[in-house]
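Q: The primary structure of each chain is shown beneath.
Number of protein chains: 2
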Amino acid sequence: MDNFSYKNTTQIHFGKGQISKLKDEIPADARVLITYGGGSIKKNGVFEQVQAALAGIAHFEFGGIEPNPHYETLIKAVDLIKQEKINYILAVGGGSVIDGSKFIAAAALYPSDPWEIIQTYGAKVTSALPLGCVLTLAATGSEMNKGAVITKAETKDKLFFFSDHVQPRFSILDPETTYSLPAKQTGNGVVDSFVHVVEQYVTYPVNAKVQDRFAEGLLLNLLEDGPKALENPTDYDVRANLMWTATLALNGLIATGVPADWATHMIGQEITGLYGLDHGQTLAVVQPAVWLYKKEQKKAKLLQYAERVWGLREGDEDSRVMAAIENTRQFFETMGIPTRLSAYGLDASIIDPVVAKLEEHGHVNLGEHGDITAADVKEILKLAL
Amino acid sequence: MDNFSYKNTTQIHFGKGQISKLKDEIPADARVLITYGGGSIKKNGVFEQVQAALAGIAHFEFGGIEPNPHYETLIKAVDLIKQEKINYILAVGGGSVIDGSKFIAAAALYPSDPWEIIQTYGAKVTSALPLGCVLTLAATGSEMNKGAVITKAETKDKLFFFSDHVQPRFSILDPETTYSLPAKQTGNGVVDSFVHVVEQYVTYPVNAKVQDRFAEGLLLNLLEDGPKALENPTDYDVRANLMWTATLALNGLIATGVPADWATHMIGQEITGLYGLDHGQTLAVVQPAVWLYKKEQKKAKLLQYAERVWGLREGDEDSRVMAAIENTRQFFETMGIPTRLSAYGLDASIIDPVVAKLEEHGHVNLGEHGDITAADVKEILKLAL
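Residue numbers (the working numbering), protein chains in the order written: chain A, 9 to 393; chain B, 9 to 393.
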């Protein structure tokens, strides 16, 4: 096991009716900006619960945060914050709303051009408004970590930043808020959580048993309950298990003391930035291709994954590895998320632009060994056609 | 899954050489009390590392904190704290030193008789000195939680308290500090961790898949690496896996949203208080007896445990349950910890005194259903003879 430092300060309130805890978490004299996305929270009762819990606390609204939240949209919230002297951000939504709200929270106090926050990966952030979350989608884990991904629409740049200052003070996770999700969002969320786990697990062995077994447990939960959520979207236990699984998939715990890959995310981000595919869709396409390309280097962990997650114990090593990769692909398809670029109307013509964007962003030498070059990304994308 | 709230603010620094991080965690102008136990830290190099890291920071020593730390000992540290204007506690040791230091940290600022802290289970604690830890034994989980167990030697009362104020600010977990442990302490630590997990897992099903699979993962780690630590005490990976497993066994994470038993701990505490058995020894004795007595009520989770932890899939339900209980007992014995009261020279004459102490402490109606009465405890102890 490698050395590590770990701390996670977010207060979680999990379960039915927990939105009422907002009144305990947000100071009575706060001036709150409620941030949200396309407005589904105003149709499914979540917004009403939030308003009821905030009774007596001054609050304002900023809606319209899009998937892969745009810098151009978020920056408008900063004006409202200054105008209304807002001092607390409450994100109500999924990962995009929370990520966007992290940027808003930091940008509101940033002394110079806020795009620097992204350009410096958050290193120059020294303060942020306090942020709380009401999560409505099990997917990104943003509700319990310090990362965010922001897109500059003008230049099609999708980039991340990290800062302790934007770690949510609290997050409320009520599985019932996810009952009304479209199937595609449920599917994308399960794929996103799954790929978060494997990016931190299918690398090379360092004899980190807690981390491996926690990762395997999270993957088994997704395999079992992902399809059930599509079949019966209002099964509380299924939604609860997916929600807590998604949070733990990316709250730093399974990352402790182990190498991480993240090549799939880096490549996928550029595909979303350039061609607008959903985040989960890009992961479903790229992940199996990365594994096919790197199956020799990842063999030890792919075999462990094959055995412990898929129960594959028969046949030679190569056939077990290939079966595990194929099973993974089939699982993503079962979740309604196609795993080939061609299924999204994309072909080999995207390869050069995607690689050019990676190089522009300095995202080269990817993977747990830092040995996936631009030439390798081209080969990986060929395997994803 | 039941509703829950969860937060854990302790900063962990894990791995070789991490004791040097003390200088980053403790303010340069602090006046630090280093608390420790019987003095092994002065023989195995840990104390030297601590002193080196604290160079330039004023520090004092308070040694001699015994296993099952005594109120009578701890209270002496409070005088030293007042006399030397100490404002930071650094516990260097295992669970007893950390538990005792939590009490010291709270007692130092407590405005009336500090025994009230215990009598009120910590409810009246409103402040404490900041506490940091250098852990030297994988066992209790105290390094990342807000609980402590204290014994009043005069009256043989072993009792616990909880307070957010005594949650360690940071804990340094260097597996190398555990290389020199006596085999009995390694064995007790593994048994303690194991029983922490099953007290939160072998109850009744609430469809909490994250918690169940994390619990099962921790148990498998202990089964695999516990015996290896006895065979080769200086295997870094083995010690590292045991250390991180023990911390996660009782940091609140696997307790989220599930029922908890704790009957074994409550009964075991009285046996330690009255007869001086090690904490791990009492657990090894009582746990199998609780399961034998409650095997019908716990059947669903015992069957899950039998299958997922022990691989028991053949035979009828009763035989699988009995095999799982017997395997558990054998595992404790393999760790060098006998599982019968008779092995410690105790007989049925202890039953009435133990039950009387439980009643005196108001610890009746135990277990996840609150249905284990004094009469039931007598039957359980008969099964442990």
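The hints are simulated quantities; they were obtained by calculation from the structure and are not laboratory data.
Take the hints with a grain of salt, since some may be wrong.
No copy labels: a pair is met if it fits in one copy or bridges any two.
[To be verified] Derived lysine-lysine pairs resembling DSBU-like cross-links, with alpha carbons at most 35 angstroms apart:
hint, residue 1, residue 2
1, K24, K303
2, K132, K29
3, K303, K132
4, K15, K303
5, K24, K307
6, K24, K132
Q: Go through the numbered hints given earlier and state which of them the structure violates, listing their numbers in rising order.
A: When the structure is compared with the hints, only number 3 turns out to be violated.
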